[in-house]
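S.K.: Chains as they are written, first to last, in the numbering used here: chain A, 1 to 615; chain B, 616 to 935.
Hints were generated in silico from the structure; no laboratory data involved. It should be emphasised that the depicted structure is a prediction, and the values quoted were computed from it without experimental measurement. Built from N, CA and C at the ideal position, the CB exists for glycine as well. Some hints could be false.
[Claimed, not checked] To give an idea of the interface, some chain A residues facing chain B are shown, with a C-beta separation under 8 angstroms as derived from the structure:
#	residue
1	Tyr151
2	Gly153
3	Thr285
[Stated by the list, open to error] Coverage of chain B stretches by chain A, computed from C-beta distances (three or more under 8 angstroms per stretch; other residues unrestricted):
#	stretch
4	664-674
5	781-790
6	887-898
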Amino acid sequence: MPSTRRLAVAGAALALGGLLAACSGSSAHLGSGSAVKGQRVKGGTVTVAQLSGASPNDIFPLSPATNSNGYNENLTIGSWPYIVTIGDADKSIVNSRESLFSSLIYSAGNTEITLVLKPWKWSDGAPITTRDFMFVYNLLKVEYNDWIDYYPGQFPADVSSVATPNSHTVVMHLTHAVNSAYYTDDILSYVPLLPQHVMDRESLTGKVGNYDETTAGVKAVWSFLQKQGEQESTFATSPLWQVVDGPWRVSTFQNDGYYAWTPNKAYSGPVKPVVSKVVFTPFTTDAAEVNTLRAGTTAAGGLTIGYLPLNDVKQIPQLEAEGYDVAAVPTNGVAEVLPNLWNPVNGPVLRQLYIRQAMEDLIDRPLLVSKVFAGYADPGNGPVPVNYGQQWDSSAEKGAGLYPYSPAKAIALLKANGWKVVPGGTDTCQKAGTGPGECGAGISAGEPLAFTMLYASGSDDFDEQNADIQTTEALGGIKITLKGEPFNTLVATTGTCNGSSHPNSICSWQLQQYGYDPYQLDPNGSGLFNTDGVSNYGGYSSPEMDSLINQTEYGSSASAFDAYENYAAQQLPILYLPDPDFIWMYKKNLAGAFPENPFSVNVQPENWYYTKPAK
Amino acid sequence: MSGYIVRRLGQSVVVVIGVMILTFVLLHMEPGSVAKAILGNGVHVTQLRLAMFDSLYGLNKPLYQQFLAYVQQLFHGNMGVSYQSLQPVSSLIAERLPRDAVLVGLSTLLALVIGVPTGIYQALRHNRPMDDVLAGTWFTLYAAPDFMEALLLIALLCVEFHVFPPAFPGSVTSVGGLFANWKALVLPVAVLSINSVAGFSQYVRSTAIQTLAEDYIRVARAKGLPEKLVVTRHVLRNSLLPVITILGLSLPDIVAGALIAEAIFNFPGMGLLFWQAALAHDFPVMLGGTLVIGVATVIGNFAADVAYSVLDPRIRYGRS
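Here chain A stands alone, though its shape is the one from the complex:
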């Protein structure tokens, strides 16, 4: 899954988190939506609430690297789907029915990919051919560093040559072997096809040419399309954006982010839109959106689909009375407390696995799920959410996970490693040294087991969750001092710290909690836990982990993922936390929208239709 989608959900979590609050007493479990029975009705408008702060700002599907908006994909994916479409109802899987590929064959030791395109057409009647693939490839081959979804070393940097034996077959030769599942799920799932016969131009008035076949031409076309992509006033009108191959096209776009999709009547795919219009309406805050849900149809025609912050779950009965059903969608990410293993003061302490294990033992995750998240969260047993998709949960994550809540176990672990444990106080290292039963390298006698935890402020659920963590850690004598900071400040001041570089200016933080790290479809920890991972801010480093992650990306073993997952669950490169679900309310007479997987919520409305009660 592209970073745009991952960012989108990350942003959503933050936005929702802003209003999440203690919802004590309620632990009722939501359904994940249910199939609506009744006669299918053709037509109708579906109005979907946009999460606050989720307005897109760029319609060109290959957004530049300097664009921070993770929601642009939500605008464009209906018009220009990716070669590989992911998400199928409640399954986090490849949706081959709606994908552009007819077949994907990995050969020559997984260094060669043969992609056969379906015989679909653009909305103007022109066939979709390998020339369209080559257009995208040529642009990205030159400009991949300026592409928001480029992952270092991957497509198209890893493509050594491309051949197109016929108009529907592409053969890519890679510079290295890849894991086919990973490459399909996480790499090809963010490469769209674009109409070369429309977009290969350097100006709106100029003619379409084969500019993409030279480097200079690519630069001119890229620059032109990027500039056009930011012109909000022409999103729905520019001829550049009128030729699509997805089931939808953008028919309205207003500043402030209100936009609408209408069906692409020439869509070649098998799932044709049934509703006649989908409106995405922005809200300034969660409170405004929830008020609109509560007011029902008097509020600007009402919302067909809206989200519900977790601290508002008590309103579900009233909303059901207003004609809504409820669905919970798991989050595609891993929630965490991030330890800085290279903090100048207590990095050596956090580098000790037994310390991280004791800290994880002291996090009462079931309590957090029931108390803070009202029952609507993944238990957070390891690096992969177990509610995320049945295909991913390994043995280490089943049940209560490897580290069920146990203060007694944590205390025993600390004592066994030379610490004087003072429940309710602050533990100190009693036996310095690196031998058995001693505190470990770099830890001096008398050193306290105390940390400052920075966390993203402005979120009631984070406040409550972290206060609970502070309380339960104290039961093992681990003193946590909490300090809230605005999310962006937290991000801006956090540097990547590792063994070779941990300057005090960016590595003075000890623990951080800012939400969750979003995943692509294959949640393999690449970038998070590998030694040179871009988001490995805490500096965790293990040759074993690097090798296992590499296997998930480049190896051919089908069991590579389980091996990685079990190891990451045991090693605790981060402290795992429960990951809250998203709660959606949708009109009872709307079918096909839920149950839904975390990757395609509200972006596959071709599956939606209204119903009327069966007679």
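Chain B: place on chain A using the hints.
M.R.: Same frame as chain A, but now just chain B:
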């Protein structure tokens, strides 16, 4: 007077430049990387990408060069581009300012229409039961947080009785759209008015009480001038001076927007624009906003001074 105006204009320019420099320096003193704050901490946010961001927006240059570049573009009417929305700051402000002018302007007008007569009425019934009842009412409403008033009104009039919509439709982007959806304007205008009414009425009441004790009021009454004329010609005019001050200071409020009302009533205005920019380290928007608010403050004060002299001919500005 003209000399005074010229001097005030000169001072205003200095003030605005000072505000600009101060804001620029303070914003750039914020700790951490702006590029990281904007692009986030995802696995795709490489050092190269951060460097491209810095290069694109000139953040890799020395601070004085960044400032000079900013001033230079300002002289060309360019306030920069928002790091977040990628739209020109001037467009973002131009979209939101008229809407906020309508929202805050209407609420101020409503507050004036209610507050000034009420203040005069209270002054005329000074220390009588109705004075106490009205003062108590206004103080109670003034003391209540506006977000609470907003939520109570929504619960009652939107959720319970479905009289008004609780939020502006997301499709409303123009002033015309606001009036076309006038029902959605009612509650935010009402909420914003409540606090202002209390201010206006109590200022007017206090000044009117003092005015009523003046000799010229006694003279007017002794001459047999009808009470209605005494009130409208003498009391009202002199009691409006504090209102002028408040109105003058309200101009920057219009420009700065009404954050709480905007947040609750789904009204994307200036307040939310600046708030979100501040959270996201979106410097161009913050700078543009501060500049516009600074100019509005200067203009508001200046307009209040001029209005003083119009309302009270005894006030003359000039060299001492």
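S.K.: Which of the listed hints are broken here?
M.R.: Failing hint: just 2.
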